[in-house]
Every structure is written in structure tokens, then in C-alpha cells.
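Protein chains in written order, with the working numbering: chain W, 1 to 113; chain L, 114 to 224.
Covered stretches of chain W, as calculated for chain L (at least 3 residues, CB under 8 Å): (1) 42-49; (2) 90-102; (3) 106-112.
Simulated from the structure, these hints should not be mistaken for laboratory data. Backbone N, C-alpha and C fix where the C-beta goes; we use that ideal spot for every residue, glycine too.
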Amino acid sequence: GAVVSQHPSWVICKSGTSVKIECRSLDFQATTMFWYRQFPKQSLMLMATSNEGSKATYEQGVEKDKFLINHASLTLSTLTVTSAHPEDSSFYICSAFSADTQYFGPGTRLTVL
Amino acid sequence: TQLLEQSPQFLSIQEGENLTVYCNSSSVFSSLQWYRQEPGEGPVLLVTVVTGGEVKKLKRLTFQFGDARKDSSLHITAAQPGDTGLYLCAGSSGGYQKVTFGTGTKLQVIP
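In isolation and in its complexed conformation, chain L is listed as follows (with noise of 0.2 Å):
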């Protein structure tokens, strides 16, 4: 079974500041998502990774997956309110295959 770790469980920052959140496996993924879920809401995808050591920016946000395509972190510079959420992680072994989903991040941002 694939398992997909995320760090921290929750995180309350205030606005301005920075965070990392880590996802971690043992498993190899062809490729690992992250989305971002709002309360009632299905996830939204914020990016796809599927080199090992790419790194890929979306406005403040910044995600990189690693080397051995086992773990990613996604990186937010200067949160704001609108990035409360919960981020979830997914890896996928390729193509159609089911994707195993992360334990998740819930995140507030503070005003």
C-alpha cells in the first residue's frame, strides 16, 4: 500500500510569513499533484510534478518534488488570508492508474 505523509497536520500562521509543507513516501510516483480544498468543496489542482528535482513556481507558491520521486514540498512566500485551505498531496503511478492522496495540511492564514 502506498502511503503519502504529510507535515505539518495543521498549521496556523499569520499573514506575511512563510511555510513549507512536506509529503512524504516511501513509494516511487511517476508523477505527484498538489491541490488545495476549500470546506464543502472538491480539490483543485495547483500543479503537477514529474521530474525528479523539478521545481515548479505558481505565484507565491513553489513546489518542488524530489530526486527520487518519493517526496515534494510545496513552499508559500508572504501567505495570505486566501491561502486558508487544506492542501492535500497525490501521487500517481502513471496514466489512468488511481492516485493515492496525502493525509493532508490544513492551513490558516491569519489577517
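Next comes chain W alone, as it looks inside the complex (with noise of 0.2 Å):
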């Protein structure tokens, strides 16, 4: 099947700082590629479409200044969590359709000291 990679798979920042995650599609393009964030012991929650070339789309109380979205090409997609905090440590997750199978990242676990 399809391969997602995520990167870093694991990052520890301090407070006030951003981090920058990567999900890339490794043997097929994706126009759109999605983010969740996962808390311990829950489900995912959907955060954002990556549109490649055109804005994000973000799901009801997701704050777009504070998780930057950009898909410049398409097999890459970046989120880009700005002036970190705490309760920002989370597991996120990208996916991406290729033949009509969302194939997902391996995550990464962003944990804000």
C-alpha cells in the first residue's frame, strides 16, 4: 500500500517556541492531506485540510495563527505549531487518500515543556 512518513517522530520543545512537523507521501501525490491530533487514550480529532496550492481548511475551534498549514508540493505537507504551550503536547497525525484509501502517518509526539 501507500507509504506516509511523518517527521520527527517525536519532538520536546520549550514553551513560547514553534515546531515544524512534515508528512510527506512517499510513492503518490496528494492534492490534499489531512491533520489530526490525538490526546492519550482518545480518538483523533480532524484539525485540518492541506489544500496543495490554496488555503487550509480548519475545523470548528481550531485557532488557524496558532497551527500553520502550508502544502507546497504534492507530496508534502507541513503544520506548524506556533508559540508552543503545554497543553499543546499532543500526538498529530497527517493522512492522505491514494486510490480512495486514507493511508495515515506514523504521528508524532509533541510534548511542550
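Hints are included, so try docking the two chains, each in its own frame, into the full complex.
As C-alpha cells, then:
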């Protein structure tokens, strides 16, 4: 099946700094990618839909100025958590569709101290 | 807002037992997926069901899509410790539309 990668797999940062997470489709092109957030022992919550060459679509309650999304190419979407705070600590997962099947990245564990 | 409720939320059983996980919604979905997720990893697709009443079998796992395409179930026969994980159902409204995830069922199979 198709492969979606994320980098980094984990990151620890200080409060107030910004962190960039990359999501790549390795063997297919994705005009649309999705960013999810998952708290411990909970399900995935969709944060935003990343669209290649245009602005991302954010879900209700997600601050677009805090979670910056850039989808500059057909294989790369980035999520930047700006001015991170401890409450932003979470597991962030991206996904993309290939042939009507959604493939997920391995996730990025963000810990904000 | 489309919501998918899963039950039970947690399940701890002995190896060899059978179990069923339910996924219910008031919304109609064009397709429904089941995923299994292990700690620190992304979800892995188990199956996609698209037709009302459809039943799919994957070794010891049996998936069913409700006739009205609003609910689904996952039945595991003779559970094994390797089945331990978080099971998630997810409904799609078709094509590249965003997917709504269920509330999740955490399964623990004790040897």
C-alpha cells in the first residue's frame, strides 16, 4: 500500500517556541492531506484539511494562526505549531488518500515543557 | 456534525474469548472503515465496507455494515494477545471527503 511518513517522530520543545512537523506521501501524490490530533487514550480529532496550492480548511475551534499549515507540493504538507504551550502537547497524525484509501503517517509526539 | 459512538469504550478479556465492538451513528455514510492503532503509531486500516448489509471477514475478524449504512460492528473470534490495541471506526461521505472517527475502543487481551 501507499506510504505516508512524518518527521520528526517525536519532539520536545520549550514553551513559546515554534515546532514544524512534516508529512510526506512517499510513493504517490496527494492534493489533499489531513492533520489530526490525538490525546492519550482518545480518538483522532480532525484539525484541518491541507490543500496543495491553496489555503487549508480548519475545523471549528482550531486556531489557524496557531496551527499553520503549508501544502507547497503534491507530496509535502507541513504543520507548524506556533508559540507552543504545554496544552499543545499531543500526538499529531497526518493522512492522505491514495486510490480512495486513506493512509496515515506514523504520528509525531509533541511535548511542550 | 457527524458523530460515531463506539461501545464498549474499554474491553479486557482473556485469550480465546470472543468479542464484538459496535460503531453507531445517526448519520449515513457512503463507506466505513475500521482501523487498529497501537501506542505511538498511526492507525492501520483493517477493512472498508461500502454496501449496506455487507459482511467482510479477515481471518478471525468479521465486519458488518448496517443495512442503513449508519452503524457497523467488528466481531473477533478467539481473541489473541496480538489483537490488543485501540480499534477505531471511521465514516466517510465519499471520495476524498474528510473522515469522521469514532470514539474508539481500547481492547486488552490477557494471555
